[in-house]
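K.L.:
One letter stands for each residue in the lines below.
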Amino acid sequence: DQQVKQNSPSLSVQEGRISILNCDYTNSMFDYFLWYKKYPAEGPTFLISISSIKDKNEDGRFTVFLNKSAKHLSLHIVPSQPGDSAVYFCAASALGAGKSTFGDGTTLTVKP
Amino acid sequence: EAGVAQSPRYKIIEKRQSVAFWCNPISGHATLYWYQQILGQGPKLLIQFQNNGVVDDSQLPKDRFSAERLKGVDSTLKIQPAKLEDSAVYLCASSLEESGSWANVLTFGAGSRLTVL
Numbered sequence: 004d005q006q007v008k009q010n011s012p013s014l015s016v017q018e019g020r021i022s023i024l025n026c027d028y029t030n031s032m033f034d035y036f037l038w039y040k041k042y043p044a045e046g047p048t049f050l051i052s053i054s055s056i057k058d059k060n061e062d063g064r065f066t067v068f069l070n071k072s073a074k075h076l077s078l079h080i081v082p083s084q085p086g087d088s089a090v091y092f093c094a095a096s097a098l099g100a101g102k103s104t105f106g107d108g109t110t111l112t113v114k115p
Numbered sequence: 027e028a029g030v031a032q033s034p035r036y037k038i039i040e041k042r043q044s045v046a047f048w049c050n051p052i053s054g055h056a057t058l059y060w061y062q063q064i065l066g067q068g069p070k071l072l073i074q075f076q077n078n079g080v081v082d083d084s085q086l087p088k089d090r091f092s093a094e095r096l097k098g099v100d101s102t103l104k105i106q107p108a109k110l111e112d113s114a115v116y117l118c119a120s121s122l123e124e125s126g127s128w129a130n131v132l133t134f135g136a137g138s139r140l141t142v143l
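Line by line, the protein sequences are chains V and B. Quick note, the first sequence lines up with residues 4 to 115 if you use the working numbering. Quick note, the second sequence lines up with residues 27 to 143 if you use the working numbering.
Because the hints were derived from the structure by calculation, they are not lab data. Treat the hints with caution; some may be incorrect.
[Said to hold, decoys possible] Taking lysine to any residue pairs in the SDA-like style, the calculated list, with each CA pair at most 20 Å apart, reads:
(1) K70(B) - M32(V)
(2) K57(V) - R95(B)
(3) K70(B) - T110(V)
(4) K37(B) - D4(V)
(5) K70(B) - Y42(V)
(6) K109(B) - N30(V)
(7) K70(B) - L50(V)
(8) K41(B) - T48(V)
(9) K8(V) - I64(B)
(10) K70(B) - P43(V)
(11) K37(B) - F49(V)
(12) K70(B) - S11(V)
(13) K37(B) - K8(V)
(14) K70(B) - D4(V)
(15) K70(B) - E18(V)
(16) K70(B) - K57(V)
(17) K70(B) - D34(V)
(18) K8(V) - G66(B)
(19) K8(V) - L65(B)
(20) K37(B) - L98(V)
(21) K88(B) - A136(B)
(22) K37(B) - A97(V)
(23) K70(B) - L98(V)
(24) K8(V) - K88(B)
(25) K70(B) - P85(V)
(26) K104(B) - V90(V)
[To be verified] Anything over 12 Å on all C-beta distances counts as not near chain B; from chain V, calculated:
(27) V16
(28) I21
(29) D34
(30) L37
(31) E45
(32) D58
(33) K59
(34) N70
(35) K71
(36) K102
(37) T104
(38) P115
All C-beta atoms in this analysis are idealised placements derived from N, C-alpha and C, irrespective of residue type, glycine included.
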């Protein structure tokens, strides 16, 4: 029973265009959501997060949108850059619980 | 600040052998996690420590896996005996404190890649 799902294993976009990565969750207890980015041979690094009291959080080129009724969140990267090529993991947790449940990741390739 | 340190980075063993991984979290981070990441999957929690106490080890295969956090700082994860399906990257992560939103942000080490032959 996978509680956090990233249904697209891979995504390829052209440099300068928008990248949209999607994530769905099933556990209604989740109230804090995070995106991590992972380069090969490195551990995941925190990118951006959102709590359930918001529906949008923006940090530079990165914006996360949360649709609680649909149990869906998305990460928008605009404009996309070749350095954004990495695996992106969606994660969910109960606020303050510490531990996160991760999706299986989406490999983003940004072509020059 | 120094990141989360893990060693060894790579380990190859035969099935039924034992292996141990070490983690040194960020100084001052009270909570430490071990995650297992199998190729093509996301990280899955094995165990969570708060200082030197276990918060959650419900997903740890206790017949072969063990973990401890000495004096609430360093941690060791051991597998004995190893099985083929244990081949994975073992990620250690730490976070600042148990409560509050920032507790959910994990800082990961580079991981220890285990291959069981």
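K.L.:
Are K37(B) and K8(V) close enough, with their CA atoms no more than 20 Å apart?
P.N.:
violated (30 Å)
K.L.:
Between the alpha carbons of K8(V) and K88(B), is the straight-line distance 20 Å or under?
P.N.:
violated (27 Å)
K.L.:
Over 12 Å to the closest beta carbon of chain B is the bar; see if D58(V) clears it.
P.N.:
holds (16 Å)
K.L.:
If you draw a straight line from the CA of K37(B) to the CA of L98(V), is it 20 Å or shorter?
P.N.:
Given that 20 Å is the threshold and the Cα spacing comes to 35 Å, the pair is violated.
K.L.:
Hint check: K70(B) vs S11(V), CA-CA at most 20 Å. Holds or violated?
P.N.:
Given pair K70(B), S11(V) holds - Cα atoms ~19 Å apart, limit 20 Å.
K.L.:
Does the structure keep K41(B) and T48(V) at a Cα separation of 20 Å or less?
P.N.:
Roughly 32 Å separates the two Cα atoms, so the pair is violated.
K.L.:
Given the hint that K88(B) pairs with A136(B), does the C-alpha gap stay at or below 20 Å?
P.N.:
Judged against 20 Å, a Cα distance of about 24 Å means the pair is violated.
K.L.:
Given the hint that K70(B) pairs with L98(V), does the C-alpha gap stay at or below 20 Å?
P.N.:
holds (18 Å)
K.L.:
Would T104(V) pass as off the interface with chain B, using Cβ distances and a cut of 12 Å?
P.N.:
violated (8 Å)
K.L.:
Would the least Cβ to Cβ distance between N70(V) and chain B come out above 12 Å?
P.N.:
holds (20 Å)
K.L.:
Given the hinted pair K37(B) and F49(V), is their alpha-carbon gap at most 20 Å?
P.N.:
violated (26 Å)
K.L.:
When you check the alpha-carbon spacing of K70(B) and P85(V), does it fall within 20 Å?
P.N.:
violated (28 Å)
Violated hints, listed in ascending order, are 2, 4, 6, 8, 11, 13, 15, 16, 20, 21, 22, 24, 25, 26, 29, 30, 31, 36 and 37; each of the other numbered hints is respected by the structure.
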